[in-house]
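Enquirer: Using the sequences and the accompanying hints, generate a full structural model.
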Amino acid sequence: IQADLKVFFALGCHGTSALTALTAQNTLGVTGIHEVPPEFVVQQIEAVRGDMGVDALKTGMLSSAPIIEAVAACVPSLDAPLVVDPVFVSKHGDPLLAADAVDALRNSLLPLAAVVTPNLHEASALVDEEIESVEDMRRAAKALVGLGPQVALVKGGHLGGDKAVDVYFDGTEFHELEGPRYATKDTHGTGCALAAAITANLAKGATPLDAVVAAKGFVAGAIRAGLRVGKGYGPVNVGWNVRTSG
851 IQADLKVFFA
861 LGCHGTSALT
871 ALTAQNTLGV
881 TGIHEVPPEF
891 VVQQIEAVRG
901 DMGVDALKTG
911 MLSSAPIIEA
921 VAACVPSLDA
931 PLVVDPVFVS
941 KHGDPLLAAD
951 AVDALRNSLL
961 PLAAVVTPNL
971 HEASALVDEE
981 IESVEDMRRA
991 AKALVGLGPQ
1001 VALVKGGHLG
1011 GDKAVDVYFD
1021 GTEFHELEGP
1031 RYATKDTHGT
1041 GCALAAAITA
1051 NLAKGATPLD
1061 AVVAAKGFVA
1071 GAIRAGLRVG
1081 KGYGPVNVGW
1091 NVRTSG
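If you count the sequence shown from 1, you need to add 850 to reach my numbering.
Hints were generated in silico from the structure; no laboratory data involved.
It is possible that some hints are incorrect.
Unchecked claim - Calculated lysine to any residue pairs in the SDA-like style (CA-CA distance at most 25 Å, straight line):
id, residue 1, residue 2
1, K1035, V939
2, K1013, P1058
3, K1081, L872
Expert: This is the structure we're talking about:
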């Protein structure tokens, strides 16, 4: 949530939030999760919709099937493009989505998405196939679009190699989007920042492809300027492009 709001600010958008779960975590790992009751998640969403309206929205950690179903029920009334970041595990490998919630994510939320942004582990779980190459990523992206979202962006950061390659598929065309790979461990929040940047760009009227390309450039800068804080995986610096006074 904190990373998302910082990204929205950095890209000139006013961000709002509906908390689905609280986590106790730091750069070393997640030590606790406390879910928010689904009915209160809906209440938060309705409070924002009824007052300010929504130009674009994203999901992150949804934690459980009941929360996913509650969020999915709200999406049509928001009448705005949805970016689904299917958060399964933390940077440290701690589970952030209940095992029985994958079907709810696949069947209830993905069909409502303008863009879905899984990493290799998440894409593999959603399409039930191992992904070990760019060609596998292309097949997974096609299978994901078959589940209902308009666009699938399969992130290849964990694939290795000199470049980070993501595969974009919109149901008609594939695009392989390359980016630099930086020698740093300060990459906590990369996926959240990317999905938030895509959402901000969609809110400002960009096409999905242009929103993704611009978001990748923004996140590359955030990784390059990563913050060396804590004893584990430091966060990406999503404020890298914000000028400060003084």
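Enquirer: If a hint holds in the structure, say so; if it does not, say that too.
Expert: Checked hints:
1. Distance check on the hinted pair: K1035 and V939 sit about 17 Å apart at the alpha-carbon level, within 25 Å; holds.
2. Restraint check for K1013 and P1058: the C-alpha separation of about 22 Å stays at or below 25 Å, so the hint holds.
3. Between K1081 and L872 the CA atoms are separated by roughly 22 Å; this keeps the pair inside 25 Å, and the hint holds.
In summary, this structure violates none of the numbered hints.
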